[in-house]
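Engineer: The primary structure of each chain is shown beneath.
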Amino acid sequence: MDHLIGALVGAPLLGAAVLLLGGRRLDRIGHWVGTLLAAVSFALGVALFADMLSKDTGRRTFTSHLFTWVPVDSFRADVGFQLDQLSMTFVLLITGVGTLIHIYSIGYMAHDERRRRFFGYLNLFLAAMLLLVLANNYLLLYVGWEGVGLASYLLIGFWQHKPSAATAAKKAFIVNRVGDVGLSIAIMLLFTTFNSFSFSPVFGAVRDASGGRLTAIGLLLLLAACGKSAQVPLQSWLGDAMEGPTPVSALIHAATMVTAGVYLVTRSGAIFNASATAQLAVCVVGAVTLIFGAIVGCAKDDIKKALAGSTMSQIGYMMLAAGLGPVGYVFAIMHLVTHGFFKAGLFLGAGSVMHGMNDEVDMRKFGGLRGYMPVTFITFGLGYLAIIGFPGLSGFWTKDKIIEAAFAKGGGEGWVLGVVALIGAGVTAFYMTRVMLMTFFGEKRWQPDAQGHQPHPHESPKSMTVPMIILAFGSVFAGGLFSLNSSFLHWLEPVTGYSEGHSPLTAWQVSVATFVVLVVGAGLAWQQYGRKPVPAVAPRGSVLTRAARRDLLQDDFNHVVLVRGGEHLTRTLVHLDHSLVDGAVNGTAAGVGGVSARLRKVQNGFVRSYAVSMLGGAAVLVAATLLMRGI
Amino acid sequence: MSATAVVHSLLTSAAATPAADRIPTPHIEYAQLSPVLIVLGTATVGVLAEAFLPRRSRYWAQLGITVVGLAAAFAAIIALAADGYATTRAHIAAMGAVAVDGPALFLQGTIVLIALVAAFTFAERRLDPVAHGNRVDSFAAQGSAVPGSPQEMKAVRAGFTTTEVFPLLLFAVGGMMIFPAANDLLTLFVSLEVFSLPLYLLCALARRRRLMSQEAAVKYFLLGAFSSAFLLFGIALLYGYAGTVAYTGTATAPGIAQVIDGSANLTPALANSTGNDALLLIGGAMVIMGLLFKVGAVPFHQWTPDVYQGAPTPVTGFMAAATKVAAFGALLRLLYVVLPGMRWDWRPVMWGVAIVTMVIGAIVAVTQTDVKRLLAYSSIAHAGFLLAGVIAVSPSGVSSVLFYLVAYSFVTLGGFAVVTLVRDAGGEATHLSKWAGLGRRSPLVAAVFAVFLLSFAGIPLTAGFAGKFAVFQAAAQAGAVPLVVIGVIASAIAAFFYIRVIVMMFFSEPQPDGPTVAIPSPLTSSAIAIGVVVTLVLGVAPQYFLDLAGKAGVFVR
Amino acid sequence: MNAYAPILVLGGLGAGFAIFSVITASLTGPKRYNRAKLEAYECGIEPTPQPAGGGRFPIKYYLTAMLFIVFDIEIVFLYPWAVSFDALGLFGLVEMLLFVLTVFVAYAYVWRRGGLEWD
Amino acid sequence: MNPVYYLYLAALLFTIGAAGVLVRKNAIIVFMCVELMLNACNLAFVTFSRLHGNLDGQIIAFFTMVVAAAEVVVGLAIIVTFFRSRHSASVDDADLMKL
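These protein sequences, in sequence, are chains A, B, C and D.
So for the first sequence, our numbering puts the first residue at 1; every next one is plus one.
So for the second sequence, our numbering puts the first residue at 632; every next one is plus one.
So for the third sequence, our numbering puts the first residue at 1189; every next one is plus one.
So for the fourth sequence, our numbering puts the first residue at 1308; every next one is plus one.
Accuracy of the hints is not assured; some may be wrong.
[To be verified] Straight line, CA to CA, 25 angstroms or less: simulated DMTMM-like cross-link-like pairs of lysine to aspartate or glutamate: (1) 601(A) to 1342(D); (2) 1182(B) to 78(A); (3) 170(A) to 1140(B); (4) 1405(D) to 1055(B); (5) 601(A) to 1363(D).
For the record, the hints were derived by calculation from the structure and aren't laboratory data.
So that you can see chain A by itself, here it is in the shape it has in the complex (with noise of 0.2 angstroms):
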């Protein structure tokens, strides 16, 4: 088992190394090693899910020890692993939908010269995020955690030679920063607290903890979790992010690293289950976010930030499952899984279109697609189908969980909740029919790229169809076997626990009143971009698009708060820095450089030089010593 585990992420991890240090040799076969590792890897955690299965639910969990870096006293920085139910779903999500984005980005990348690099940064991720998932200390989670931030920022920028793909690289890097910084701190106080930084030690002696520390540690993992998962207030890079290769988009900005968060709340269920302020604030989080996100997805005319928002949005739904505690970490995880499947397949479709229309990503300059390129139609409609959360396809089974256990809440909280949990349904329907009506239905608005050529949309090759079409039935199968006999609940609940919440409302109910809002949406939508012609030129609207156009000005709001305050304070600082600090620094340095220049002259090449201070050392040693006899 140990060396199964550890295969299954050095597989990748591997594959990165010899890639990235392989030189220009491996150009040829590059992809081919990186795919290969990657199905390597989806081959291990497909045996350990079998050899899982096999077991009985209450010994499932496994846990290894590799190996102790550095014990200090009691500061035990250990490397273990830990697979459980939960690491396992992640596995094979990851693993699975990462071999498809390897085999879909063979025919993506196939013109990119620098192909080779991409697979290895692709396989660098794969391998941080697994060790993310199967660690079983916070310290080595945060190993992973930073390593999937690192691939995530080489892969945002690798188109470095267009500024704005640099200017995205670094403000994920710096946005995600913040998350981090919490991360770090929340780890510090684990281990003041704990004594520990392993799970099952942590969460063993949560009960012993007091609630403050509690309630702070929480809210630092959450900001953590809003860093990697793009939730309000730090969601403003996941826009910008799509400026990396579609296949990135899918990977890891859709299906697997911006779900993080909602592992690492998950994970740390006992934590917030401890402290109802901490959940709240996570639920409060995943509201507004999947609010949030699904209002500016609806007024993007790029495809990809279309359909980022709509990834804030439902990692919004999943943030707000998670923040119910019990009642929903189950459909948190479930929501994610099959998210993991219509969100990769949307974005591989929308990267096909991309790649039959000569890269243009403004759906105006889209427009009667469905004839073109029947594959992508279908498995996108399917996709979308699921993500509106239409009865019978994947999001169904999962978002109408999450509404419902959102009104089990109870109280005004309830109700507010999972009104909001709703409507954001329609707007999800909106918005997606908005995606699908303006790319595929409709005239066609094509027009020349910037050197003038016509586009002519085509079928992508098989290397691309087929992910999708195997997304497509994930999209569409996966809700219903999941709820099917509660196969996916009774999976996880010896993990995460579960206890059946109390709502007002019937499931019947919810689901009725869901495809209501969902039926109004998309006729909304229908209304707007289906019996109007869409202008090519995107009209002036309203105040609420213009802002939605500008991310509900987030990036403006930081600019103003963050940026100018934090000039401010920088300024000060570094007001500071010259005149104290920096006069310190330097005084120093030069104080040092002085002396060694002066020191250095010592050194003058002459043998008899150095024999007279040998000489005199051997003295200076005779006549401690002696002196320390008191001879």
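Let chain A serve as the given structure and place chains B, C and D on it in line with the hints.
Structural biologist: Only chains B, C and D this time, still in chain A's reference frame:
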């Protein structure tokens, strides 16, 4: 005493020797000494190969002989350790001359591995441009030819190379293996010379910049001989004090340790001399000085930068790594086995030495402009950090020093191997200004060098961090907190100049006439790769190796 | 003192033989002087005339001198062994053979690499 | 005669040797001074051997002689090459590398 019988029989040679006067046959445990014997035997075979093989087949033959010999020696060490000679069966072999115990086997294993990696860099023949159709290594075509003379031209044109470097390397390795295992002062002195003499010669054999190389050899030789004279005089005084040169013994046949702690039965003459502590103190100080010279501690360090700079870079790497391992091994044994009884005398002195070594090594490095000199000063600073661990006088002190030595030596080998790659028309481009912008031109080489520098600086997740941490922890536990504080400050100063090199490589513009990075053969590549792997493995998972060093860290007495 | 008597006797005999030989040779041998015979040494460095500052002499002298020292010094170990050969027995013989063998390895190297050739 | 006087002589010889290393310029003479130091050690060894009544010191003296001889050979080889390429055996000329 049987030796008296020898002289007696010499004087009365006319008389028939009675059978009872037979000198008992000394008991030599050949199997337990096999690692050293294999290496020295291989060296002898190398000399024969040098004598009888035709010139063109010597290179491959020597390389093969060296690698096979070192591998066999390593196998022998592993076999001995597996047989328990490192722990339960540790004892003193060869009539009290050589210890076979954990530290000895651990250090011998380390030295053999270092030598194996160094042999690869010695054999590298792809870096120098092909001259007259012959691939050449870093060593002089003909050591005896005057630089620039027609004789040298002829040798170069004929494609001569000094393949004697391999047997010389092996002889040095043999001496270094005995050095930390030596259990009497005579063996200590002889093994010191056995490994020093080949090193003096190796230093003089650079292919490029031969004047500097010869100058390095002269300096190293004169100062080395000077220091070994001190060492020998110290041995004489200790012998005068204790009447023996054995480290340990029994009450009836005492070693120096027994005489010092007073558990020996004293003869009248001995009782007279042991009354005179001056002999012990002066002698001990002079022996320690001889060892401190070899480890490059201040104020006996001044040969280091000059010799490191002038010697052929593969030799520098070998010397920096292996000499330090051997000399620290000998120093540990001397201080822990022989002189623990007078720890209150030498500890304060060693405190002082450790402090000035760390501080001066770090400070003077700041203004260096040559990569090899920079690494030399860095090695001085590292000697200071190691001394901090030595001073602990505790089991964790031993294990931390053993661990540090492994971590330091492979990083050093790798670092100097990288230095051989960066070249311009005059050979290696060692001036730091030439390294500016290397990260743009050869990102991989620069990145690897950066890894080594970070390890030297002791950045977490590198071997250097784990080693420094272990050493300082041991020192702090032994109550040497001020020493640790100074050590950390010195590390900070040292980190400054390591990072400066990294900044220079990655964040400054490359010079238009900058050096090129030669593509090495698998030999040097593997040396560098081993360095990187050791750096990262020891940095990420040091505990296993710390445990190993802890298990091996018990001296036999 | 008795123990040292044989040594004194041996020394006396040796000295007597040396003095006897020299005197006998000078009395009985033919006397044909030439330039070579009048020089201070019959081998090694030409003592006169030398340029100021010591001058130069061929490197070969150094080489020969070095080889001489190295091979000569082995005697230090051979003497004690030879004296107590019978007391040391077979072990001593084998060890000494090994020792001499290693010296011969060095000799072989010097010989094959031309260290013994004067020109 | 008190054997301790031999020890004084040994120390004196050692000091003379060390002083010679410091003050003489010619590498060969510097080296001869080192040899003088080694011989001083030898004298100390045999004296102590006599004082203690055991033979270890005399045996060590043999070893020292051999080591010294080996050192002479290596040293002369190095110094001669140095001399031939610079036409000077002065150790003060060896200052290509410094600072």
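Engineer: Hint by hint, say whether it matches the structure.
Structural biologist: Hints versus structure:
1. 601(A) to 1342(D): violated (30 angstroms)
2. 1182(B) to 78(A): Status holds; Cα separation ~21 angstroms.
3. 170(A) to 1140(B): It holds: about 23 angstroms lies between the C-alpha atoms, which stays within 25 angstroms.
4. 1405(D) to 1055(B): holds (22 angstroms)
5. 601(A) to 1363(D): It is violated: about 45 angstroms lies between the C-alpha atoms, which goes past 25 angstroms.
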